[in-house]
Amino acid sequence: MKLNNRISFNFLLINLFILCGISIFIGVVEGSVFINLLDMNSTQKSIILLYRLPRTLEALFIGASLGLSGSVLQIVLKNPLADGFTTGVASSAAFGAVLTICFGFSYFFIPISAVIFGVLGIFAVIFATKDTKDYTTLILAGIVLNIIATSFIGFFKYFFEESIGGIVFWLMGGFYNVSYQKVFVVLTVFVIFLSVFFRLSAVLDVFTFDTLTSSSMGINISFVKNITYTLSAVLVAVSVSFSGIIPFVGLIVPHISRAVCGYRSKQNLIVSSLFGGILAVWADILSRTLMPTSEELPIGILTSIIGGLFFFYLLVKRKKAMWYV
Amino acid sequence: MRLMRLAVVFLIIVLCFFNISYAFDRVVILAPDSSDIFLKLGLESKVVGITRHVHLFKNAKRVGTHLKPNIEIIKSLKPDLIVVKRKKDIDVRMFGNTKIYTYNPQTLDGILEQIENISKMFKKDRDAEKLISKLKQKLQLLKPLKKHPKVVFEVMQTPYIAAGRKSIVNDIIKKAGGINIINSNRYFVRISNEKIALLKPDVYVYEVGPMNKNPSAPNTRALFKNLKMKIIKVDESKFLRSSTVSFDSVVYLNKIFKEVSKNGR
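Protein sequence lines, in the order shown, are assigned to chains A and B.
Under this note's numbering, the first sequence is numbered contiguously, ending at residue 325.
Under this note's numbering, the second sequence is numbered contiguously, ending at residue 1265.
Treat the hints as calculated values from the structure; they're not laboratory data.
Just to be clear, a hint being listed does not mean it is correct.
[What the hints assert, rightly or not] Pairwise CB distance ranges (calculated): (1) 179(A) to 1120(B): 54 to 64 Å; (2) 81(A) to 1100(B): 45 to 55 Å; (3) 19(A) to 1148(B): 44 to 54 Å; (4) 1133(B) to 40(A): 50 to 60 Å; (5) 1044(B) to 305(A): 47 to 57 Å; (6) 223(A) to 1091(B): 54 to 64 Å.
Glycine included, every Cβ here is placed at the ideal spot set by N, Cα and C.
Put together the whole structure using the sequences plus the hints.
Here you go:
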């Protein structure tokens, strides 16, 4: 029995927003140094307001973007394994960032280069699969792109060995060099894409039927698929450009969301975004606080461990119903 | 018999006058930091192989990098001495009769000691003496400070890495009159930006080079922009390499620390 039969969606939403608020609060309070919020000096105030708060908000919106894009990709590609990585977008965006690091451009150019290469990756996949209506081909093209981009990254890691620390750390993801300007950009992008997908939610619902049925409803399935695929891939590229590769959020969050609120796209999109944001904030909190020597762990390591274990649990517990629709 | 004895004595006397540096005639340098010592001791003609990023020896062949040396090229150069940073940098079994010499000093005294050792191998004692006294003279120019500034040295912006107590940078800071605020007995230390902000350094040194290609100025970063500290941008090769240039870096930092100490930061 699905959870949405038992609890109302509004109740779930309120709880998720409360959890989101608590997560932000803990994200601001917890860190590598202890700060008493009631008695702060100017340095501690700047740590809270100029570092931890924008960092937590960036984690929230990037996690939300990854959750949202994963949810849309899994719906339109009719595949429970679709996310930013299987589509190859994340790796091609990462390749763009690696190029910038290797050639010594300023950190300002990393997001720009990542978005450009991420979008080029999307076009490459669409171009390679333009004559086919098969969803699996799109996924396969994404995997091929992923392999090519990863190989190029490997080459640059090998050749620019002095920069290897920076490259590897960036690839493993994290929220560094934060600012409110970045938060504003990430928030704006997320809100725009959420509203676009929200408007398309009725059409996205049609994707839950088989291709013949959905085509008979008078919708140009191929066109909608390409548009939503491109948009969600752009969202992944933007997210990766700011935070590096954060695996599993886009893959696992839609599964949790479908388990909780069923297959309706509108509900799925909101819940996936909230779950994605909360997961990213908690992964960031752990990355800052787990190590006793005040070193930061790359967030990708934590999301992989948390996501991998949770996914394994889902596979074992719900092997008959991994694809909930 | 008497003639034989005379011949042996003559041979011994002749050998005493000859320089036996021929033992090391073909050197491959896999420890880039040591290359400037070879140059300053006038040994450039002996260097037949060098790592990719060192451009001091025009006739030397490139042999890869110190992390990934090209064994085939090194073997083809038939070296009799290979200078490495760590013994594990090269498979010693591949070079049976070749002497493997480790160069990895992390203090200024260590650099002077290495100059002596290298000069002994090539019978360049006089050149070494001159070089050592020149370097020691530089340290005599240092001015005493009333207050020792707290210093942090940024090795890499992302991930944030600072120089620890075991690094050559620590000794450069110490000799220049500063105190490295990173209290960790490691070369490089990964530490959170928050901790650095709370430690409130008087001087913030950040390096630019292959390890930290294009860092943003610390006073533009969210956590550091409100801190009152002197910010210095330096060249990676002058601070992270244990070479004779390290002595100039001490003099350079000492001047800045003197200024900071005068202004009472």
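Each hint, compared with the structure:
1. 179(A) to 1120(B): 54 to 64 Å: 55 Å, holds
2. 81(A) to 1100(B): 45 to 55 Å: 51 Å, holds
3. 19(A) to 1148(B): 44 to 54 Å: Holds - the Cβ-Cβ distance for residue 19(A) and residue 1148(B), about 49 Å, lies within 44 to 54 Å.
4. 1133(B) to 40(A): 50 to 60 Å: Taking Cβ atoms as reference, residue 1133(B) and residue 40(A) lie about 54 Å apart, which means the hint holds.
5. 1044(B) to 305(A): 47 to 57 Å: Holds, at about 52 Å.
6. 223(A) to 1091(B): 54 to 64 Å: Holds, at about 60 Å.
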